[in-house]
Every structure is written in structure tokens, then in C-alpha cells.
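Trainee: Given next are the chains, with one letter for each unit.
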Amino acid sequence: MLRTEAVRNILSWYEGETPGLKSNLSRLLMHGRLAGTGRVVILPVDQGFEHGPARSFAPNPTAYDPHYLYELAIESGVSGYAAPLGLLEQGADTFAGEVPLILKVNSGNSLVSSADQALTGTVEDAMRLGCIGVGFTIYPGADASYGMIEELREISHEAKSRGLISVVWSYPRGGKVTKDGETGLDIIAYAAHMAALMGATIIKVKLPSAHIDLDAAKSTYDKYPVDVNDAGARVRHIMQAAFNGKRIVVFSGGAAKNTPELLDEARAIRKGGGNGSIIGRNSFQRSKADAIDLLNQVMDIYA
Amino acid sequence: MLRTEAVRNILSWYEGETPGLKSNLSRLLMHGRLAGTGRVVILPVDQGFEHGPARSFAPNPTAYDPHYLYELAIESGVSGYAAPLGLLEQGADTFAGEVPLILKVNSGNSLVSSADQALTGTVEDAMRLGCIGVGFTIYPGADASYGMIEELREISHEAKSRGLISVVWSYPRGGKVTKDGETGLDIIAYAAHMAALMGATIIKVKLPSAHIDLDAAKSTYDKYPVDVNDAGARVRHIMQAAFNGKRIVVFSGGAAKNTPELLDEARAIRKGGGNGSIIGRNSFQRSKADAIDLLNQVMDIYA
Amino acid sequence: MLRTEAVRNILSWYEGETPGLKSNLSRLLMHGRLAGTGRVVILPVDQGFEHGPARSFAPNPTAYDPHYLYELAIESGVSGYAAPLGLLEQGADTFAGEVPLILKVNSGNSLVSSADQALTGTVEDAMRLGCIGVGFTIYPGADASYGMIEELREISHEAKSRGLISVVWSYPRGGKVTKDGETGLDIIAYAAHMAALMGATIIKVKLPSAHIDLDAAKSTYDKYPVDVNDAGARVRHIMQAAFNGKRIVVFSGGAAKNTPELLDEARAIRKGGGNGSIIGRNSFQRSKADAIDLLNQVMDIYA
Amino acid sequence: MLRTEAVRNILSWYEGETPGLKSNLSRLLMHGRLAGTGRVVILPVDQGFEHGPARSFAPNPTAYDPHYLYELAIESGVSGYAAPLGLLEQGADTFAGEVPLILKVNSGNSLVSSADQALTGTVEDAMRLGCIGVGFTIYPGADASYGMIEELREISHEAKSRGLISVVWSYPRGGKVTKDGETGLDIIAYAAHMAALMGATIIKVKLPSAHIDLDAAKSTYDKYPVDVNDAGARVRHIMQAAFNGKRIVVFSGGAAKNTPELLDEARAIRKGGGNGSIIGRNSFQRSKADAIDLLNQVMDIYA
Amino acid sequence: MLRTEAVRNILSWYEGETPGLKSNLSRLLMHGRLAGTGRVVILPVDQGFEHGPARSFAPNPTAYDPHYLYELAIESGVSGYAAPLGLLEQGADTFAGEVPLILKVNSGNSLVSSADQALTGTVEDAMRLGCIGVGFTIYPGADASYGMIEELREISHEAKSRGLISVVWSYPRGGKVTKDGETGLDIIAYAAHMAALMGATIIKVKLPSAHIDLDAAKSTYDKYPVDVNDAGARVRHIMQAAFNGKRIVVFSGGAAKNTPELLDEARAIRKGGGNGSIIGRNSFQRSKADAIDLLNQVMDIYA
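Residue numbers (this note's numbering), protein chains in the order written: chain A, 19 to 321; chain B, 19 to 321; chain C, 19 to 321; chain D, 19 to 321; chain E, 19 to 321.
These aren't lab readings, by the way, just hints derived from the structure by calculation. Owing to the predicted nature of the structure, the values given are computational and were not obtained by experimental measurement. Heads up, the beta-carbon is just placed ideally off N, CA and C, and yes, glycines get one too.
Derived DSSO-like pairs (lysine-lysine); straight-line CA-CA distance at most 27 Å: (1) K275(D) <-> K236(B); (2) K275(A) <-> K236(C); (3) K236(B) <-> K197(D); (4) K236(E) <-> K275(C); (5) K306(C) <-> K236(E); (6) K289(C) <-> K275(C).
Simulated DEER-style distance windows between Cβ atoms: (7) P243(E) <-> T22(C): 45 to 55 Å; (8) G54(E) <-> G165(A): 55 to 65 Å; (9) A24(E) <-> H229(C): 50 to 60 Å.
Under 8 Å between C-beta atoms, here's a sample of chain A residues computed to sit facing chain C: (10) R73; (11) A76; (12) D83; (13) A136; (14) L137.
Please work from the sequences and hints to get the whole structure.
Mentor: Here it is as C-alpha cells:
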């Protein structure tokens, strides 16, 4: 299939990036069931690092095997698969070329108290494994956040010099951000905007709530209101913050919930002009058949 | 489309190579009309460098425009497009991700007397432009040949370390090789074998004639005869020399000839177990409609 | 002896790694009394650094001499010997090629209060001494843990680029981990999983207890119970966390205990699908005859 | 099997070399049917590069497949297998760790008139493929010989710094060396001595004839005669030139001959204190059964 | 004078080190009055950096002149002279080749509160000045200790790659070490062992007291007692910790005391198998005649 107008249009936003980066972005946008639509669904599996193996894989123990995760990504027809080094290595040869890969190059874990992550992969690893790009988490607000942002700058620079895209998980926490604020509308908009300003090719944020968190921002939202009770309007506001929709933004729902809620979220994302979903635990913690069924229902909404 | 058994089998030959290289090779093998067959047709446009622009493009002047060559590669559904730096640059952004690209990183020209080539591109260029690999010419036999082989070693090492494939144009000339010998069966077999020993991912040689050139080799061919009058048998012998068929070999016919001859060549290549054709002047010197028609007839044979 | 099916199967898990790394891993798996079984017993002697010389060697003073430790490793027929720089240097020439060596490249000591280690060896040292790989300790949970993980990433990358394996001692402590939690089932599973995600070739963890430590994990273990009172079931859970058994995991018992207990541990490791034991103080603190006798009893269980 | 006294004695000659290099040399000396004897038989397959594929493999076409050559090396129980890059790559993963490998890092070919070789592999390739060392050809006497010797110095230095052994093919030709002189007793002694002076770990020369070639050397051989009609005495003279037997020297017979002649050569090499044979065409140009039979007869002589 | 058996034996311990390092170590062991005995007395002058000039040199003001210190080292016949950069530079030309020099490459001073040192010299300086090696201080236990250990690893690696020996001043302080513990028997044994594990060529520790400092070690010393009231037995325990006496260990007495005490210490060191003394303030704070007299009395004990 040749590139569609929707994909050509998206690539046109990334002006100044190399043809190499655009080729890799094109591979993501032209793969799987959503190929050519300009929308994407990505399977991320970094929960083993973040929450430990049992909390991640005990509900569906076949998922302890990295090959299962590749199979899920390939058979479901999602746009891409993102994971830390070891998970990608165990399968990269067997499934070479079958699904666009994103190497998550930093990771946190639940044993440490502080909000930070360690570099656990390199741009060279990404090239060795045939990835289209790298993923990186920042925690805007955290004590460690300026250091994380500077690491992102280095990784991003190196990745782009090799034609790899950067996917930025922008997850505010700490500092002036309250617990509720972590999904607050103003905070998520801010998170998306910072990632865009950092040159992210794709931005990953949590789906925003109606909450406005920063006191300093409240008067602005009073004066220029967003219809905070409409999930689609909330998504549209996040897309505004992402260069008026000229950056790809994908949303995660976070903790597991039921299927109707997930599908409602996807409808809101589509309605608000978002580019898609990143669905981890809700897919790999189910049986393969159920997971593929769910992912297909979500992709039907985006198609 | 997922990888086929034919493609999985070919990738298995490249043991010890990185998943990155296999992903890029897979992209070539899974693109275009021959996707999944294990056979490829590649459009090469290095004749402008080799023979000058008018000899190359005057028969079909729209081909002076690099965008035309991209369009020809994309619309015809060939497996990939190989060209020097400038040709790829002029179109790499417009057509990013639409056809697998191979950057030809050395080039000769007709103004110099000696058989040699100059490095005209780099592995970094290939990454910047989103190429799946690099192409390199060696002239075994030429005075400059040992130097060319050493350059190939360096380029190949660097390309592989970034997951790019290497395509080696192995074209003997000079030294003990006579003019007729340049397409002699023993010489082409030797050329293919040397490229394989150098670690080439894909080997490009001329279609061999029935001629045996080296005196030292004649007694061997007398004792262990090849049916030199059968073009398929000649191709099969070349495939033997390419690790008993465990390396991808594509053949060029060289100087322009008529369509029936070209199709006969493709049938012989298929019969002998070759992996396909590299068709330059015979395509881009015709009108686009005629070229696409010819390429499709060739690909029908390989499909 | 040629490689067995058990060893071929294990090597197949390490897809995408170089033939050089697989050759070195093969050397470990094909050495000593357990050659070809897919199971290993490794002699580690880093206690001198960790606990001081007298606590380590006073019970068997001949072990103060590094040559003794080489002799013990060679004569007992264990799979490999792991130690810091000085111990390996004092014997590397005399015993060159007689036992697979692993250079422990970071070390802590008991004089410092903080949970951290210093780099005390390099990948170049490992090559100079003819080692098959390097060993590295991380303390997930400790304040220094993210720094340690990043050091591991660099060491591991450099080691693999030279074909050396990485053995990761993953020993959680500090942060949210309680003292009992250091051997808690959930914590050890997490520790093994993190090492696997970091690309460890071989993972070394402590044998887990029945304790579940992290509050956040308790509901998962309630819902998807492990038979925590069966040591074999506990080991099996750790192997799940190690890519469903597709990474080599060896267990240490920690503080000295009696022989029947040690043998019971080995039986539980075998029953749970673990790959073997790492036995330090329980071997080198006994007389050579007693140590060899014990190691042979353990290896009999694994054979 | 632990190292024997014969092997310990040989390793003691290489004083000042790193334990890493001695470990790799030990691997060669402790592998296969001759393990522990201090003698070696090596399978070299560089004739495809040197003479072309048909002259090399047509007599036994299964040998066109690189896996066949690995199988021959492994099943016959020879000490090691030496070949150029492509041949080692196609099998390095499948047969990782099953036979000591030597990467031939320079190669000549029969299409070029001049006596020279091109670098076709690197020390990094050797590490990536798990080789114990690198092989390098010099042509003392040739116009290009000083350049080749300088390349050897660089390769050797880099190889040793990573613990890899160097095997030097020392083949005089050109300059003051006549055609008969290429196997002349004085010339072969000179060739072996130069390789020893260059720091070669293992020296490969042709079996010397009774001919004395250099005029300047004749008076010396008149005054201090060698029993040139005794092949064993000729070998003993070569061993003198190799630091009085303190360097490993292996001999090649060159062009194919019959089995009794080959066995007589092996007896002479043993009688004269040589360390073994390097047997290429005489093994891989026969059927596998015949080749293994021949290699075993040769190894029986050395055992 | 040729090397003695005692020196040959010592050099044999340093297996795997280069002939260059052994040559430099041999120069120390074959110099001065103790040449060939396997024992050494070294003159160190780093007190100016550590305690300031007046506290160091006011008792014997001629010692303010660096040439005086060279003269003292040469005329007394000690084995070597160790000092920071400036002291060695002022005299290195005048006295080139007259006494083995050791460049102390890190230094602390009394104006700073924290237990740490700064790098004050380089391996290149040591080569420029004709030194046989470099000296480096670590403070095991101190907050800065892991960083110091990593610096030592780098310096040591660089020094050895140039054939220079490393002399490690291993002086525990801080962390779990009490003030009395700084010379405690268990702590000094630990300090010596860590230096050996780090690859030190020569270890310098303080003469241990009868005190046992670490609670964790007390039960070991109860169970495997050392005759702590016998200074010779205490030294013998330190030598055990130094690879069972296979590393050179020299002792310092620390704060100035009277001559009979110093001589008793030397007798205890000799009795316990130590390799000698390092005597600074007790020599250079006396008149040259007195200093030479004292040093000769000490050397008489060791001779």
C-alpha cells in the first residue's frame, strides 16, 4: 500500500526532519490495521520494569514469555510495539521486520522511593534491533526533572541523527503537581506542550480529567473556558497544546478498567482529534483472543 | 502482510547478522509486487555517473528529473531503488518511506581511463535518507582492486554496525581478465564468490556467458562440466558460487536489448535459482508506461 | 564433547546476540561436571571484598592464596569461577584456559555505610585475562540504584560488543524494600525480571523466602497465588519472571548453613527449573576435600 | 580434560603474552582428536578466494555450502578451522563454540597479476564471531612485502591487545626468490624466522624441498650442512629457525597429491619436531567420509 | 648484579603482568643496600602536602630543599623515593637514574575537613620523570571511598599499560571505622586485602595494633584467633590478607617515635614476613647523618 493523503499530511508537519526519520515514522503510520489512517494504536510493555513481573503478567502467565508479546503485537495488527531492551532482544531476530519496534531507553521501578528513571538502553541498541525509534519518559515537576529533560535532549539528538523517531512519555509528578493534578487538564496540556517543545516526534500523555491543578492557571481557564465535562473537548485542548494538532499525540488510560470505558475513551480521543491509544495492561493481561478482540474494537473506532 | 516462509528461509541464511540488518533486508523482500516471493527486481540508476547524462537520459528526457525515477520505482512496484547521493536526495523527503532505497556509495565515470571508483556517499548519508542499505562496486582484477576491496570492508563494517545491508556490484575487469572474460562463466562465478566471502548481503553480477576465461580454471570445467549452453545452468553455477544459493544474487543484463531477450534472461535466472534482476537502462530509457509494462512482465516471471 | 541439545536450546534463547557471545556462553555450559546439562554451578569469591579477608578465609587459611581458589574451581569441576581483579590476576597465567573465568567488575565493602559499589575492573581487563564474561552487582531500591543500573548498561554494552557475557548479581536493598524483603518472593522475582530487562546473559539472585514484601504486590499474589511453602514453586515463579525460563538464573543461599540444607536447596532449584547454584563460602571455607565432596553432591543433583 | 604437560610446556614459550592470548591458544591445543598432544591439524578454506570457487569446490560440490565446511571441521575432530569472513559468518551462529575459529583477515585472488593481498576482515569481526585468533598472509620478497609486513604489525598488535592469537602464513615469492625457491629449504627457514620475529603465535609455511635458493646462503649451507635429502631433517631445520622449536609451526603441502604422499609428509613433520599440518584441498575436495578418513590417518600419526 | 632467587620468586607472583612492569619492579628490588633480599625500605615525602611545610621540615630546615631529599635517598641506600610532582621535578634531572622514583599522584591536605584526596600527578608525568611507578592513596570507609577506588582503577590500568608499578596507600577511615579502628588488626588486614584485589603491585598499610574494630568481624577473630599481643603475628596476619604473602607489603609506623621503637617495629615486620618499611618523618626530620644512621640500622635488620 502506498502512503495515503492522511499520512502525507502528517509527515508534512515534521518539516526539517530528515527523510530517514520520516521513513521510520511512515513505517509506523503504514503498518497494521490502521495503516494509512493517520491514527495509531501502540502496544507498550514496560510495566514489568515499573510494577514488577507478577503485577504485570500473573493475570495472563503466557505473557511472561517475550515471544508472546511479539505475537500479540503482530497478530492484533497494532501499529507498533514499545518495550525495554531485554523484551525486545528476546524476539528481535525471530520476528525481525514484522512489527515496528520502539525501544524504551529509560525505566523506573517500584522499589525506589524517588521519582526518576535510569537509562537502560541506547540508540545503538535501537539500531541493532531494527527499531524505528526510541521511547523516553520525563516526569515534569519531579526533583529529577531537569536532569531527565537534559537526558532526553541528548538521546533525542542522537536518535534523530540516525533517522530514528522519539516518543516521549510525558508524565508530570511531584513539585507543584498534586496527586489529582497528575491527570489534570492543565497539567496534561502542559506536559504535551513541553514534549512538543523538546522536539518529540510522538507524544504520549494520560487522558486528562476535568480537574485544573495549578492555581496560577485557574484564572486563564476561567476566562477562556474549556468544556471540561466533555472528554472530546478535553482531548481537543491537549491537541491544541501539541502545536495545534501538528504533533502526533497518543493517550493512555492508565489503570485497568472495563471494555466499555476503554471504548468510550477511544471515541473521545477520536472526537477530540487525538491520534490514538497506547494500550498495555488492558491487552496483555487478557487471553490472546480477548486481547485481540479488544484491540480490534478500539481500532475499529479509529479506522 | 506478514513475512512468508520464503522470506523467513532467506533471513535464516544471514545468521549472526543483527536483527536490524534482517529488518532492513525484510523490508526489501516484503515490498512491491514480488513481496514475499524471495525474489526481487531492483531499479538502479547509476548510469548518469558511469556514462554521462545524455547517454543515460536523452532517450526519455523526463528521466533527467530525479522525481521521475522515484515515481517509476514506486508505481512499477519494484522491490527497491538504488542510486548515488544526489539522485536520492532529490526526492527522499517527498517520497519518504514509499520504496526501499539503496545508496550507491562509490561511483566511476567515463572521463577517467583507469578502472576505479570514488567514494561518493557515506553510511551516515544512507541513514539520513532512510535507506535500507548501501551499494558498492568492486572491480576484481583491476590494479585498484585490492584498494577497492579494503574500502568495501570498511563501508560494509560500518553499514552493518548500523543495521544497513550491503549490496556489492562485483564486476571483474583488468588484470588477468580478458574483455570477453568480463562476462565469462568462471569469472562471474569467481566474482560472486568473492563478494560472498566479503560478507555481501546481496550480490549483483552480470549474467554469465558460456565463455571460460582463466587458463588455470579450464581443466576444472573440463573435468566437472557445467552445461554452458543452458543459461539456467549457468545461473545455477553462479548460485553454487554464492554459498550454494545461501546468498541473494541479482543479475544485470548490461547493454540494452529487446524485450523478448530480457524476458528470456529472467526465465533463465528463475530456472537457475537466481533471486532476480536489476534493470536500469531497459526501464528508465523507455516511456513510463512502457517501462512499467516491461517491469511487470519481468516480475510476472519471478512471481 | 560437542554441544548437547540442552545447550543448543539455551543458546537459541539469546537471539540477536553475536556468535562471539554465544561461544563464550557455550564455554561455560560445556565445562566441568555439568557440561552439556544446561545447568551450572559457579564458584564466586568476592567475599574478601564484601566482608574482609578474615571473615572469608580464616576458617580455611589456605584459601588466602589465590592459587588455591583456582585449584578448587578446576579440581571440583564446577562450571566457572568468578572473582575481582586481583584474585583472577594471581593465577590467570598459571591456569590459563583451565576454567571459564568471570571478572567481577564492581565491588562493595563493609567499611562504608551506603549501599553502593565501586567499579574495580574493566572489560579490557576481562579480555586481557581471558575471561568469558563480566559480573556486575545492582542494588535495586538503593539510593544509588539508578546510577548502578546506568553503569551496568555501559559495562554490558561494552562487554557484549567484545563477545563477553554479562552476569548480573541483582540484590534489592533499601528504598521500599524491608530487611526481610531482601529475600521476599515478590522482590526476588522483581530483581530477576529487572536483570532480564537489562539484557543480562545470566542472572544471579538469592533463593527466595515465602515472604511477600511490597504492599502494592500483595493483592496480585492473593489473586494469583504461588505455593509459597514449596521452595520448588518459589523457584518456578522466579523463572517465570526471567522471561518464562528463557534466561539462565543461578541462585545463592547466602550465609553459611549445613550440608543437608544446601542439598535441599539444590533439589528445590532443580525442581523449580532453575539453572543452578553459585556456592562461595560453603565451599572455600571448608577443606579442599570437603569442599569438593560438597560441590560434587550438589552437582550430582543437577546432573 | 585438563591441560597436559605438553600443552603447559608450549604455553610457557609465549612468555609476556597475556593470559587471554594463552587461553585462546590453549583452546586450540585442547580441542579435537589431538587435544593435549601439542600437535595440531587445521582445516583452512581460503582457496575460494585464492583460486576461485569452481577450482576449489567443483570436485565435491557439497563444499560450496559453508555449513558443510563447519561440519567437516567438527566431525573430523581437527584442532581448528580457518577461513575468510563470509565463510565463517555463514555458520558462526549455528555452530557457535563447537570448533576453534581463525579468521583469515587478508586475501588475494587469481584475477590480479600482482603478488599482494587485501584486508578483508578485522579484529572486531574476529571477536564478533567468537574466533580464537586471526590469520594473515605475508609474501616476503614481493614488491608489496614491506607494506604487508607493516599491516601484519598493526593487525597483530590489535589482535593481541584483545587476547587473540596471530597465525602467519609466510609465503615468500618475487624479489630474489625463484619459482623453485618458493619452497627452497633456505627460503622456508627464512620465512619461518621472519614470522617468528614478527611475533607470530603460530607460523604456517610450506613443507621445504631440498633446494637452496639464495646464492648468498649457499656457502653457509655448504659449511654447516643440513641432510637435505631427509624430509625430517629439513623440518628440523625449519623448527630451528622458529626459535629453536619454541614457536608452533604447521606445514602445508600445497597442490593436491595422493594419500600415501600426504601421510609420508606428516611422518616427516613429526620426525622433525613440527607441530602439525594444515590440510585444505586434500580434505574438502573429497567426499566427507574420505576426508574424515584421511584426516584421521594424519592425526593418528601426530597423536 | 643479577637478580637473586628471592627476587625471581617475588616477580613470579606477578603473573600476567607485562615484562615492562616486572622490569620496573625489579629495579626497585635490586637497588640500594637491600638489593636482592626481597625486602625494601622506601623514603616517602608527602607530609608537606598532608601536614604543611613547617610541621614537616622545620625540625631539619635543609629538607625544605628538594635536592636534599634526593641526596638522602641516594646516600642512605634506600630502595626508592616516593613524593608528589613538585618534589620529584626539582631534582629529577640532576639525579636522573640514581634512585628508583615513585610519583605520588594523589594528595590530601590538612585545610580541608573531608577525607578525600585530589589527583595531583599523572602517569605521563611519571614517565616524563623516569619513575618506576605511581603511588595512590585510598581511604576505605570514607564517603569518598568508592570514587577514590574508581580513580585508582583508572590510574592503575593506565600505569600498568605503560609498564609502571602501582603502590597503594590503603588507609581506612570514616564510615564504620572508629578512630582506634584506623590501625585495628581487622581493619588493616581488610585494607591490605582490598588493595590486593584492586591489583596493587605494592601495598602500603599502617602497622596494625591489637585492636579488633568491626563488630561483624569479632566472632571470626574469637573463633580463629591471632596472637594479637605479638607484633610479628599481627604482621603475619596482614601478609595472609595480602594473597598469603604473594604481594609486597610495606608498613609505616605513623607518628614519630624513638629509635628503639622503630627498630622493634622493623624486627616485628621481618618476623611476620612483611617486606619492609616506609620511613618518612623519622628520617628527613633528623640531620642527614642521623637519618642515614637510623635507616642503616633498619636496613641491617632487613638485610
